[in-house]
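Trainee: One-letter residues, chain by chain:
Number of protein chains: 2
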Amino acid sequence: MKDYQIFELGDFVTQGGATIRDAKLAYKTFGTLNEAKDNVIVYPTWYSGQHYDNEWLVGEGMALDPEKYFIIIPNMLGNGLSSSPSNTPAPYDQARFPGTTLYDNVSAQHRLVTEVFGIEKIALVVGWSMGAQQTYQWGAQYPDMVERIAPFCGSAKTSVHNFVFLESVKAALTADVAFEHGWYEKPPTKGLRAMARVYAGWGFSQPFYRQELFRELGYSSLEDFLVAFWEGFFLERDANNLLAMLWTWQNGDISANPIYNGDFEKALGSITAKAIVMPGATDLYFPPEDNEYEVSNMPNAEFRPIPSVWGHFAGGPGLNPVDVTFIDDALKELLAS
Amino acid sequence: MKDYQIFELGDFVTQGGATIRDAKLAYKTFGTLNEAKDNVIVYPTWYSGQHYDNEWLVGEGMALDPEKYFIIIPNMLGNGLSSSPSNTPAPYDQARFPGTTLYDNVSAQHRLVTEVFGIEKIALVVGWSMGAQQTYQWGAQYPDMVERIAPFCGSAKTSVHNFVFLESVKAALTADVAFEHGWYEKPPTKGLRAMARVYAGWGFSQPFYRQELFRELGYSSLEDFLVAFWEGFFLERDANNLLAMLWTWQNGDISANPIYNGDFEKALGSITAKAIVMPGATDLYFPPEDNEYEVSNMPNAEFRPIPSVWGHFAGGPGLNPVDVTFIDDALKELLAS
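Those protein sequence lines, which keep their order, are chains B and Y. Going left to right, the first sequence walks through residues 14 to 350 as the numbering used here numbers them. Going left to right, the second sequence walks through residues 14 to 350 as the numbering used here numbers them.
Check each hint, because a few of them may be wrong.
It does not matter which identical chain is used: a pair holds within one copy or between any two.
[Said to hold, decoys possible] Think about it this way: if two alpha-carbon atoms lie no more than 30 Å apart in a straight line, the pair counts; the simulated DSSO-like pairs of lysine-lysine are: (1) K199 / K37; (2) K15 / K81; (3) K203 / K183; (4) K183 / K199; (5) K81 / K183; (6) K50 / K15; (7) K15 / K287; (8) K279 / K81.
Quick caveat, the hints were computed from the structure, so don't treat them as lab data.
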């Protein structure tokens, strides 16, 4: 009894030239598409997240109010619900799942939005982290369709430092011999736990740890936070899925496609949507400086850092009520404009 | 034909209650101890470094001028030259090498300085990173002996976030099955390489990577930097030695000893030495904020960040001439006062 829908993409050809046969795009919707089809919000998922993990920002009285808006949460390719290493039949399964890009993801989402729902305008695209990257991608790939964007704690192009962080995650995961170059039958738990510990220092900021704010989340000690939050988080994920999404992230660039041919500033300049760009002020891998540069190249964008010590997790998934309110308020303001 | 000396510590009892029999403290000196014995500088080593790796700050015309000063570089326990997992005979070899603390290290160094050289006053203790931690430890453990300290890119107590960073390094290294719980016969190269990639994102800052300053160091691409600089660096080290020093680091706290019984502010307050404390402005694991707090609790200290985008490597090992000059100038000023 699944609580979401599958859009059959058919033979989906990736930017890299692979064909995922009978490709799937999993999605969930909230609210009702109105007659004018002008109440649409698209809200892509983040690294390792599924649509369930996006729901903290949806609710009555919030900006993303299903009473007013038709909210579509498309699951990113590789996340275990849409086509992924873990659910694609041989021969494109496991280690052979092809790299998919922001362009691939948003092309698939565009087909869903237009072919299934006949939507021509999107009031808002919004997302956290890799969801923010897809948000930027929507703005650059379909500028005439997207009226507003609100990417938070993410960038339009993965920075070199961010790439290095991802190398470290990958190295820790794949150092486990049980990973078997991706052909494991049992999960490489040691590698998943190592990856979790690597992620831990990056996900939250120095002041978050200095103030031991993990206690506010209900963890009894630092080690409890590392085991119960971090290791628990990644142990539930499939290693190849994590690496598939990591590939997407490392290759994240809204200009790496036939429309912009690598001209990043041109891609940014094409985003005519009204934008509020919200980095976490203490985010260690999507630092505000990269967004500041992006906003300076966008015609209709505002740079508005989230004044938070929660690092990357200022943006989600709804851990900290103060930051949730900050983001929700900005979305209300943007939707009202 | 070794170019350094060994001080025989005899049966060295650690804070934790282990006895390292026939313990060794390796050291190298530069310059000549004068008659008054008042020209002494102690310059401890850093994580994984040996005295060779400290020499960039020593030289004619520099603050640490062997023509004027008698400079002692003691090698940290665990670094492969002083007693370490790699050179201690069974049964305290490899995985059984005991944890050694800042207190243990500085106690051993104090014996060297007093028993071998009859020194009563030290003009300056100076060090980078874990060398800075030992520098703070000298100031708190022997306040009547130490006239000046200059810790750079290090803290008097390892912060919670820094501890998490070290957990990530350890998890990556030990995820390699070849590590064999420390009982390897061949080096766990996959783990050492994974550890190197984890370290890479932390060692240098986001702007360092944004500006691709690794090219200034002679690396032809990011991947070349990751392989040739980072993996090359750690592949030369012994895994158990790295973990021994990591243990020292994770337990770094100048008040965790019988003198201060965990009263950190009291330990800081006892450092009467004139101090210039120099964090790297963009250091990700020894961020300036921790030093700022420390300095506010020290009676005779100045907080002077190194205005650099080189992250932790603003402090060493001599990679960037501008930062070297900044540090050297501060040391000259401190020694002249």
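Trainee: Indicate, hint by hint, whether the structure satisfies it.
Mentor: Hint check:
1. With identical chains, the CA atoms of K199 and K37 are at most 30 Å apart within one copy only, with a shortest distance of 25 Å there and 46 Å across copies.
2. Within a single copy, K15 and K81 get their C-alpha atoms as close as 25 Å, which meets the 30 Å cut-off; across copies the closest is 78 Å, which misses it.
3. Both within a single protomer and between protomers do K203 and K183 lie at most 30 Å apart by alpha-carbon distance, with minima of 13 Å and 12 Å respectively.
4. Proximity of K183 to K199 under the C-alpha cut-off of 30 Å is found in both arrangements, the shortest distances being 18 Å within a copy and 23 Å between copies.
5. In this homomeric assembly, K81 and K183 never come within 30 Å of each other (Cα to Cα): the closest approach is 41 Å inside a single copy and 50 Å across copies.
6. For the identical chains of this complex, K50 and K15 are intra-copy neighbours only, at 26 Å inside a copy versus 80 Å across copies, given an alpha-carbon limit of 30 Å.
7. Proximity of K15 and K287 under a CA criterion of 30 Å is satisfied in neither setting, with 35 Å inside one chain copy and 68 Å between copies.
8. When the C-alpha separation of K279 and K81 is checked against a cutoff of 30 Å, the pair qualifies neither within a copy, at 34 Å, nor between copies, at 59 Å.
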